[in-house]
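J.: Listed below are the residues making up each chain.
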Amino acid sequence: MDMNRRELLVGVGKFIILSGSARAALNGDTETYNMAEHWWGMTIDVSKCIGCGNCVRACAAENGVPKGYFRTWVERYQVNGGDMEHPRVDSPDGGFNGFPPRGPSNAKSFFVPKLCNHCADSPCVQSCPVGATFDSPDGVVLVDEKYCVGCRYCIQACPYGCRYLHPTKHTADKCTLCYHRITKGLTTACCEACPTGARKLADLKNPADPVHEFLRDNNVQILKPQMATRAKVYYKDLDGAVR
Amino acid sequence: MKKILRESEHLVRLALLAAILVVAFLAIRKAVVPAGFGRYGHYRAPALDDIRARPISFAGHEACEACHDEQAKAKSQGKHAQVSCEACHGPLAAHADDPDAHKAVKPDPATLCMRCHAADSAKPKSFPQVAGDHAGGESCGGCHNPHSPAM
Chain A
1 MDMNRRELLV GVGKFIILSG SARAALNGDT ETYNMAEHWW GMTIDVSKCI
51 GCGNCVRACA AENGVPKGYF RTWVERYQVN GGDMEHPRVD SPDGGFNGFP
101 PRGPSNAKSF FVPKLCNHCA DSPCVQSCPV GATFDSPDGV VLVDEKYCVG
151 CRYCIQACPY GCRYLHPTKH TADKCTLCYH RITKGLTTAC CEACPTGARK
201 LADLKNPADP VHEFLRDNNV QILKPQMATR AKVYYKDLDG AVR
Chain B
244 MKKILRESEH LVRLALLAAI LVVAFLAIRK AVVPAGFGRY GHYRAPALDD
294 IRARPISFAG HEACEACHDE QAKAKSQGKH AQVSCEACHG PLAAHADDPD
344 AHKAVKPDPA TLCMRCHAAD SAKPKSFPQV AGDHAGGESC GGCHNPHSPA
394 M
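Chains as they are written, first to last, in our numbering: chain A, 1 to 243; chain B, 244 to 394.
Heads up, none of these hints are tricks.
One side only, chain B facing chain A, incomplete, derived with CB under 7 Å:
id, residue
1, Gly284
2, Gly303
3, Ala365
4, Lys366
5, Pro367
Read the hints as simulated data drawn from the structure, not as lab findings.
Backbone N, C-alpha and C define an ideal beta-carbon position, used for all residues, glycine too.
Chain A extracted, bound-state conformation:
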């Protein structure tokens, strides 16, 4: 092995720094996380989604989502001849196993990944009678499992269908934007697993976050803006047929 002293020292230094930072990221330096410095959201580039279902599987693995329930899922849209009001939408198993291939067609076709929009004015939070679901100070909509009575009001209130009643815990459950990860400097499981970079975690309070260029330079849309939920999942190149 050809290695002089300098190379060896540099190598050892690199190893210590890298393994140390990886360990810190894994163990979580919760003391250094300041909620007031963050405002979380997500950007989704519809034109990059390939419907592989990696995000759905990653979410289930990271968060123990029960089979048949989804914190995130992927929909495949098909719009025939400009019939915007009647798109054909399929999402077999939420896209967990990808999609059965669809051959060439003249219809417009594309994938749309969905998840909780982490609304700043969320209908679910407003409808909770016991204060079990809430907006965290850093802009994430969360559920307090110990306090939820399982009344299902929030599930009915969500205009995006992002919540479900957990079959064994009997409490409302939903996307946490991987709060246990993002507060430790990691990205969400779905963003980590997305092979095309269609999904990106966004910190709207961080001036260095590329979300600001994304919002400035692209045609960006949120889902159901007429609901005035102030959703924070921003879709690039979203088709008007998407509900």
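Put chain B on the given structure of chain A with help from the hints.
T.: Frame of chain A, contents of chain B only:
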């Protein structure tokens, strides 16, 4: 003086009753309302710590690259540079924590490649897709190295 006291006796009783009610209210409130409720809003503040304490499954590609620099280098020069390790290899935080106790399982290339690269009209046109007799029965790995797939 005695007269005043006697005449206001009912007021003293009322004040005592009110004081008892206030104390009872405060005691019940303390017993029933959970700790930290209302610190940030109409919810239990320690719930944030409960959620933050959940276990991590995906270590993140920085953790992988700390040890697997050879693969990371090969990947960084190919078309899969932006694909993180665990997108194909699955969640491996346990492996990153203790590489000896938790071995990573090599994924099956045939199913893995087709998950992304099977042709579908809903996929972006610029995304490389394979349909029909692309490989003539040959497995993907026969020609392509998944870390740097160009031939």
